[in-house]
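Asker: As given, the protein sequences belong to chains A and B, one line each in that order.
Here the numbering used here is used: position 94 in the first sequence is 94, and no number is missing along the way.
Here the numbering used here is used: position 102 in the second sequence is 102, and no number is missing along the way.
None of these hints come from the bench; they were simulated from the model.
It cannot be assumed that every hint is accurate.
To be verified - Quick look at which bits of chain B chain A covers, simulated, 3 or more residues with Cβ under 8 Å:
| # | region |
| --- | --- |
| 1 | 48 to 59 |
| 2 | 62 to 69 |
To be verified - Pairs of lysine-lysine, DSS-like flavour, derived with a Cα cap of 30 Å:
| # | chain 1 | residue 1 | chain 2 | residue 2 |
| --- | --- | --- | --- | --- |
| 3 | B | 24 | A | 105 |
| 4 | B | 102 | B | 127 |
| 5 | B | 47 | B | 144 |
| 6 | B | 24 | B | 92 |
| 7 | A | 105 | B | 74 |
| 8 | B | 74 | A | 93 |
| 9 | A | 20 | A | 90 |
| 10 | A | 90 | B | 24 |
| 11 | A | 93 | B | 102 |
| 12 | B | 179 | A | 105 |
| 13 | B | 92 | A | 93 |
| 14 | B | 102 | B | 184 |
| 15 | A | 93 | B | 184 |
Said to hold, decoys possible - Incomplete in silico selection of chain A near chain B, CB under 8 Å:
| # | residue |
| --- | --- |
| 16 | 12 |
| 17 | 92 |
| 18 | 95 |
| 19 | 102 |
| 20 | 103 |
| 21 | 106 |
Note that the Cβ used here is the ideal one computed from N, Cα and C, for glycine as well.
One letter stands for each residue in the lines below.
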Amino acid sequence: MWQQIIALIIILFFLSRLVKQKAKKEVNASEFFVWLFFWLLAALAIIFLKQIDALLANLGFSGSGINFLLYLAVVILFYFIFRLRLRLAKQEKEITTITQALAIKEAEEE
Amino acid sequence: MKISCVIPAYNEAENIGQTIALVKPYVDEIIVVDDCSLDNTFAGAQKAGAIVLHHLINRGQGAALETGNLYALKHGADIIVHFDADNQFEAKEIPELINPIKNESYQVVFGSRFSGRPNNMPAFKKKVIMTLARQINYLFFGLKMRDPQSGFRALNREAALKIRINNDRMAHCSEILYKAHYYKFRLKEVPVSVTYHDFGQKISGGFKIIKDIIISKLSN
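Based on the provided sequences and hints, a complete structural model is requested.
Answerer: Rendered as structure tokens:
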């Protein structure tokens, strides 16, 4: 029980940070809602951990709900890293395009 | 027919002057793309009489080639030759590389380092890395070329306009090969010589190429 309370406190901390970032306009609306959804979903998963346990048992899995959440978190983290890599690749390409345009412009002006 | 030679260069102050002097008799213009070198590559290339483009940030060989291509196309190049700055290729073989484009209506010609000409490539690279590269080209792109990674090539204007190099780093060799096949250009491999001054691309570089190909395929 106390582990669940600690987990919820941590989630609340992240939620408060998110709200602060939104107030300071450091995150845009779509990003805010994605993270809000993510943390609320995490809080719900923690609150209904026993029900998830039962659900997993019904589905024939032997692991507990908390294990399932851990695996899920790892999968989600991998997905975010993958997304970041793609976004980074896109930004790298954009930097290259600017560098190329500048190089050609500079040579033509000489 | 205007022949432009694009030479990407990074920290090649020692070789660039000689490379330009050797290439000059065979082409109409030489475009050196200095990829933010830390030495005097830029000044050396300018002194040797090349048109020099300067990358403000180091972007890699593929990006430098693309910059050179864009400039050459903008200034009316009919044939673009890609040549290395470190003197590993023989400038006197440029006419053999562009002849199939000029006289046999080929559109892209690749220099092959494995077709009988002198080649002092280290044995490990020749037997292991290049074999692996051939397999990767076949696996990812379905390509069967004798030289999977040659940097000595010539493209006619039509091919250069169509083949945009998106891989900034070393994966551009595979990308150019793939796109030349994909757009169904008339291709030819001609034998070229190569003199290695150091090992060149290492096996770790090979893995980086695979990673770049995958990322590029996913992000495009």
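Asker: Each hint needs a verdict: does it hold in this structure or not?
Answerer: Hints versus structure:
no.	hint	verdict
1	48 to 59	holds (count 8)
2	62 to 69	holds (count 3)
3	B:24 - A:105	24 Å, holds
4	B:102 - B:127	34 Å, violated
5	B:47 - B:144	41 Å, violated
6	B:24 - B:92	10 Å, holds
7	A:105 - B:74	11 Å, holds
8	B:74 - A:93	21 Å, holds
9	A:20 - A:90	29 Å, holds
10	A:90 - B:24	37 Å, violated
11	A:93 - B:102	34 Å, violated
12	B:179 - A:105	27 Å, holds
13	B:92 - A:93	35 Å, violated
14	B:102 - B:184	18 Å, holds
15	A:93 - B:184	26 Å, holds
16	12	36 Å, violated
17	92	7 Å, holds
18	95	7 Å, holds
19	102	6 Å, holds
20	103	4 Å, holds
21	106	6 Å, holds
In summary, the numbered hints that this structure violates are 4, 5, 10, 11, 13, 16.
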